[in-house]
Structures are given as C-alpha cells and as structure tokens.
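A.B. asks: Residue-level listing of the chains:
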Amino acid sequence: MAGRQIYNPDGFKNVEENGKITGYQFQFKAQYYRGFTLSIVRDIRVNVDGEDAAREDIRFTVNGETFTLEEMRTVVDSDYRWEFGDYATVTVLKEGGLAKGSHHIKAMQIIAPSYMPFQTEALCEADFEIA
Amino acid sequence: MNCRYRQAASLQMQAVTNIKEEQIMSYDIKRSVSLYSYQDEYYDGKLDLEGCLRETAKTGATGVELLAEQMIRRFPLPIETQEFRDQWFEWLKKYNLEPSCYDAFLENKIYDNRTLSLGEQINMMKRDLRLASMLGFKNLRTLVSTPMDVIEGSLDYAAEVDVKIGLEVHAPFSLNSGWADGYMEMIHKTGTKHFGFIPDMGIFCKNIPDVLRDKARRQGASEECIKIVDDAYAERLAKGFVKIKYDLNLGKANMEYRMANGMKEMMDAVEKAGGGPADMAYAGASFTYSWSEPQDLIDNIDYIFHTHAKFYNVHEDYVETAVAIPEVVEAFKKAGYKGFLSSEYEGGEHLRDVGVDSIEQVRRHQEAMRRAIEG
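Listed in order, the protein sequences are those of chains A and B.
Quick note: to get the working numbering, add 18 to the position in the first sequence (first position is 1).
Quick note: to get the working numbering, add 156 to the position in the second sequence (first position is 1).
No wet-lab data here; the hints were simulated from the structure.
Do not take every clue at face value.
[Stated by the list, open to error] The calculated DSS-like cross-link candidates involving lysine-lysine, where the alpha carbons are at most 30 Å apart (straight line), are:
#1 Lys31(A) / Lys202(B)
#2 Lys282(B) / Lys494(B)
#3 Lys186(B) / Lys490(B)
#4 Lys124(A) / Lys202(B)
#5 Lys265(B) / Lys124(A)
#6 Lys383(B) / Lys362(B)
[Stated by the list, open to error] Partial list, computed: chain A residues near chain B (C-beta under 8 Å):
#7 Arg60
#8 Arg63
#9 Val94
#10 Tyr133
Quantities reported herein were computed from a predicted structural model and do not represent experimental measurements.
Just so it is clear, CB atoms sit at the ideal spot from N, CA and C, and this is done for glycine as well.
Please model the entire structure based on the sequences and the hints provided.
C.D. replies: Given below as structure tokens:
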C-alpha cells in the first residue's frame, strides 16, 4: 500500500565513531501537521527486525543538535523544533550496528499536542537496506 | 444548565425579524483559504509558503489564513524580523490577498509535568496576539480547548493590538449549548468587542465523509459494520446530538460525550458483527463529525467574525460529501454575515495511500462556495 513518504530512503545507515560502528541511524518526518517543540514528544519507540531499542539508547537530532528522549522533555528552543515537513534524525546506540542487507523498521511517534484529548500515536513502518 | 442567553437571543430574534429580512441583502461574504489545506503538498516539498499563497490566489479567494507554526520554521523568530515581515507583506500585495485569520496553538502542556499557570498561558496568548498583529491579521483563532480565564485575561491586550480572539467551534462542540453559554456569559460580563466565535463547518456534517468510508473499505472494513456506523450517525442526526460539556479535562469531556451519544452500543454492535481493526477505527472516527443546526449561526451572528469552511471531499460536480454548504451559506446570508469563509481541506489524511490533490480540492471548494454565495 503506497503512502506518503515518512522515512528518508537515503537516511538508513550505520554510525561510526573512531573506527567502530556504534549504532544505526534513520530519518523521518513528524506525522503531525505543524512544527512543535521537542518537549511534546512523549516517546519515540524503535523496533528493527523484531527487536525493541531501549529508550536510553535512542538519540534525536534536529538542526544539528542531539538530545536524549529524557532531555527532549525540556527542549522548547525555537531553533530545535521538529519542523513540519522536515526530517529528524534518530540514532540508536547498538554495538556493531545493523548487518548489511535488508531490514524492517517499526517506529512509533508519540506526540502530545496540548489541545488534543488523546496523544497521537503514529506507527511508521518500512523496509530498508544497509549497504 | 444556564440557557438564559439563548432565550434572550431568541427573543431578540423575534423582535427584529423584520429588520433581519432587510439584512439578507446586507451580507458581505468573502472567500479565504487556510494554508492548512495544502499540508500534504507542503509536507512533500511540492509547495513552500509562497507557493501556497500563489495557489490560494489562483482560486479567486481574496483572503489567506495562516498557521504560523506550520509553515514558518523556527517559530516565532522570523516573525520578529523586519526582513520576514517585509517579505510577507510583499507576497500579500503580489497575490492580492488579505490576512483573514492567524491560527494559534496554545501549548499549555508544553511541559509534561504540569499545565502552564494562568499567567503563563495568558502570556502565550498575548505573544500570539502580538505576532498576529505584526503580520496584519485582525483575527486570531484560539482552539476549542482554550480555558475561559485565559481568554478573559487576554482581552485588554487584544483590544490594545486590535486583534479579535475567535474561539473555534469545532466538532463535537456547537453553538447554542451549555458549553457556548459559558463563553457568552463572559462576553456579556466584560462587554468585550474582541472575543467571539469561529464556527468550523465540520459541525454541519449531514453524514460521515465518503473519503473516510472508502479508506475503511480499503483497510478491510465490512459493509455490515460500515452500515452499523452510518446508521448510528443518522440516528444521532435524527435524535439530535447530546452536546459536549465544558471541561478542562478534554479526554474526560470527549469520552462522556461519546458515551452519551451511544458509542458503547454502536461499538458492541460492530464487535458482534465481527468487526476488526478497520471497522473499529471507522466507528471511533465517526464521533469526530457532528451535526448542528445552521440556525445557530443566525442566532449567534453578532459574535461570529470568521469561519473555518471545513470540507472533506468536493466531487467534480462541486458537491461536497458531508458538509451542508448550501444550507450553511444560506444561513450566513440570512444573518447578514460580514466576514470570510476560509477553506479548510481535511480530506487528504484519508487519501494518503492513494494520492492527495489538495490544490484541486481547494479549487473545487472555492468554486462550490462561490456558487452558494452568488447563487
């Protein structure tokens, strides 16, 4: 079923630091119709190939600044919003990263705009390749 | 609950029936587009802010409604710069558009450990009033969830910058209700000229939009379950919807409203008919649409200075699937409405798996409104 593009197809990769692969990364757009402060992002859940990432292992980057999900609870700065239509980069710390080849991601964006009676939960699924 | 203001309005109505007859000729209904309508194209990078203004002008609309947080990055910083404001006014001149309404989002739960204090919320509202006035807007949309005392505390400042605060009346809320009465009481108590209502035409849905139903079918909903949900909506329409109450606990108010309108019975019937996730989703979503009487617009016209012309799917013959456009425009004419009807396309979310064309939808909707206004 074709749908709107959520993930950046070129954004899936392993992350390297000092010659070692420390995790993997992807980029996606917020499933909400306006930009907002990171402080209303209640959770980003990541599951790749059936494996849940731990919340503490997730990092979130917008406009060149990286935060943990805990730190995001108090990020209200105008420069570090999740802008409508723009990709945010999610990095998951994982020794060795992901193996080369095909993978399947199921990520959940849980966002709580103040005026909504219930928080939004957007399931974002895709198949991707690690080169 | 307190309905003395509705009774008073109705007595006034009787007293001025003759004058109202003359007012049919004195309406001044203009057309605007809320850039919210182009969200899918903006999300895909097909349109930027200027592109949205350009498309708006092509429809023949003369007004533009802006959600600053949607299409201005690093909100609110650019609005504070002369450069951005000059560009904004240059575009308005280029595309012959008038700023019709600024849509604010009171983020009073910006922190997860508390709701902002009254003072903080008022400051947030004042910030938006100031930003709205800097961009030339005379109207600000405040969300249906805005606490009454936040509005009351902002009225003096609204008068100072001469921007009217419009409380959006969005489904499942309605005018002529206990909920609206509370705000009417505030208007009468304060004597303010800077607060009123912005009806969202989604409160005039004769049925559930076809795009939602068709999506349910693509997701595997059964015709039997769809019929249960559609019949339940028709029943609510026939009986009259039980109105939602004012409650700062939005989840609670919403749930009580759904229960009072037969949600449990309907869900049980869907389950009994073997309903799966798509059926349940359709059933739940049906409660986001509602019907109220266009007469409510006439009764409350003194407090209505802007309107969200919500729509879901305008067909090739310029007939919209759910919103009763002709009846609503007729009511506005009878009432002598002076203001914009601002297209707000909300059908795209049900078409993302098959393709969205907001530009064509807004074009059709503007034409549908033009025909209703000029017809």
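A.B. asks: Going through the earlier hints one by one, which of them does the structure break, listed in rising order?
C.D. replies: 8
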